[in-house]
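**Q** When you get a sec, could you build the whole thing from the sequences and use the hints?
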Amino acid sequence: IKGECIGEMKGIDYDKLRCCKAFEDYKSDTFLLHKVKLDNMSETEIKAFFINLYNALTIHGIAAMQNLPTSVLDVHKFWQTTAYNIDGHTFTLDDIEHGILRGNRSHPASTSPQFSEKDPRLKFVLKHLDPRIHFALVCGAVSCPVINVYTPTNLDKALDAAAKNFCTQEVSMFTEVDEVWLSKIFLWYRDDFGSTEVDVIKWTIPFLSPEKQDRAWVLVFKLENVGKVDVKYNEYDWRLNKLGVNPIIL
Numbered sequence: 134i135k136g137e138c139i140g141e142m143k144g145i146d147y148d149k150l151r152c153c154k155a156f157e158d159y160k161s162d163t164f165l166l167h168k169v170k171l172d173n174m175s176e177t178e179i180k181a182f183f184i185n186l187y188n189a190l191t192i193h194g195i196a197a198m199q200n201l202p203t204s205v206l207d208v209h210k211f212w213q214t215t216a217y218n219i220d221g222h223t224f225t226l227d228d229i230e231h232g233i234l235r236g237n238r239s240h241p242a243s244t245s246p247q248f249s250e251k252d253p254r255l256k257f258v259l260k261h262l263d264p265r266i267h268f269a270l271v272c273g274a275v276s277c278p279v280i281n282v283y284t285p286t287n288l289d290k291a292l293d294a295a296a297k298n299f300c301t302q303e304v305s306m307f308t309e310v311d312e313v314w315l316s317k318i319f320l321w322y323r324d325d326f327g328s329t330e331v332d333v334i335k336w337t338i339p340f341l342s343p344e345k346q347d348r349a350w351v352l353v354f355k356l357e358n359v360g361k362v363d364v365k366y367n368e369y370d371w372r373l374n375k376l377g378v379n380p381i382i383l
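Using our numbering, read the sequence shown as starting at 134 and increasing by one per residue.
Source of the hints: derived by calculation from the structure; they are not laboratory data.
None of these values were measured; they are calculated from a predicted model.
Accuracy of the hints is not assured; some may be wrong.
[What the hints assert, rightly or not] Computed cross-link-like contacts, DSS-like style, restricted to lysine-lysine with a CA-CA straight-line distance of at most 30 Å:
1. K290 to K143
2. K345 to K365
3. K355 to K297
4. K365 to K160
5. K251 to K297
6. K290 to K365
7. K170 to K290
8. K375 to K210
9. K135 to K154
10. K143 to K355
11. K361 to K317
12. K170 to K154
13. K170 to K135
14. K135 to K160
15. K335 to K375
16. K251 to K290
17. K361 to K297
18. K210 to K290
19. K317 to K297
20. K365 to K375
21. K210 to K335
22. K210 to K143
23. K290 to K260
**A** Structure representation (structure tokens):
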């Protein structure tokens, strides 16, 4: 499916996808997800499994619409209602992202954990939050990361690569004007990366080019000792990630 219907620049050919035999086979296979035994999986296996499933479910949910939306934001409760039955439990996109992959943390628009104390799905929640998952999850927008397929054996290196690829494009350090520009992912999920803006910037440094790393440390020093650095956030392009829609270069 990835080779046939997903372009190199993240765009998805949804019209072609709907006619793709591999996608028809995939849709049939999703009816078997209720037989999956999550109890038998390791933490790494669960992480890879749900990252892949989140991305596949997003694409499946969009492709199933009679008319493609301009943006997934236009689809009423898309992330709260698009779901698979996995191991006998219903998992929506929000359940997968905030409940499983983020270790049962709250949605940015909420103050409550995704799963309640008595939710039977709690036993599948990842024990350790890995912020790199944010650069592997594709929510259907142009500004989302590149779509990849993850396996337990390559997961750590693949998530490093995903974070590096995303930060290379979405993180900018301007020492000339004392400005840091970040993706809004770092704003919405700041607590996943650290408790302060300085923590967030430090988190990105290993995933930047050597030149950007040098600039970042200069700006971190100024933030910690002078405080005169502006941290700004790029606008998130919520247009549907369909083939032919190019990012808006500002």
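**Q** Now, for every hint given, state plainly whether the structure supports it.
**A** Results of checking the hints against the structure:
1. K290 to K143: OK: K290 and K143 at ~20 Å, within 30 Å.
2. K345 to K365: holds, 16 Å
3. K355 to K297: Holds, because 24 Å separates the two Cα atoms, which is no more than 30 Å.
4. K365 to K160: This hinted pair is violated, its Cα atoms lying about 41 Å apart.
5. K251 to K297: violated, 38 Å
6. K290 to K365: holds, 29 Å
7. K170 to K290: The given pair, whose Cα atoms are some 26 Å apart, holds under the 30 Å limit.
8. K375 to K210: holds, 20 Å
9. K135 to K154: holds, 13 Å
10. K143 to K355: It is violated: about 36 Å lies between the C-alpha atoms, which goes past 30 Å.
11. K361 to K317: Holds, at about 21 Å.
12. K170 to K154: holds, 27 Å
13. K170 to K135: holds, 26 Å
14. K135 to K160: Satisfied, since the Cα-Cα distance of roughly 15 Å is no more than 30 Å.
15. K335 to K375: violated, 33 Å
16. K251 to K290: Since the Cα atoms of K251 and K290 sit roughly 35 Å apart, the hinted pair is violated (cutoff 30 Å).
17. K361 to K297: With a Cα-Cα distance of about 27 Å, the restraint between K361 and K297 holds, given a limit of 30 Å.
18. K210 to K290: Not satisfied, since the Cα-Cα distance of roughly 33 Å exceeds 30 Å.
19. K317 to K297: Roughly 16 Å between the alpha carbons, so the hint for K317 and K297 holds.
20. K365 to K375: holds, 28 Å
21. K210 to K335: It is violated: about 34 Å lies between the C-alpha atoms, which goes past 30 Å.
22. K210 to K143: Roughly 23 Å between the alpha carbons, so the hint for K210 and K143 holds.
23. K290 to K260: holds, 20 Å
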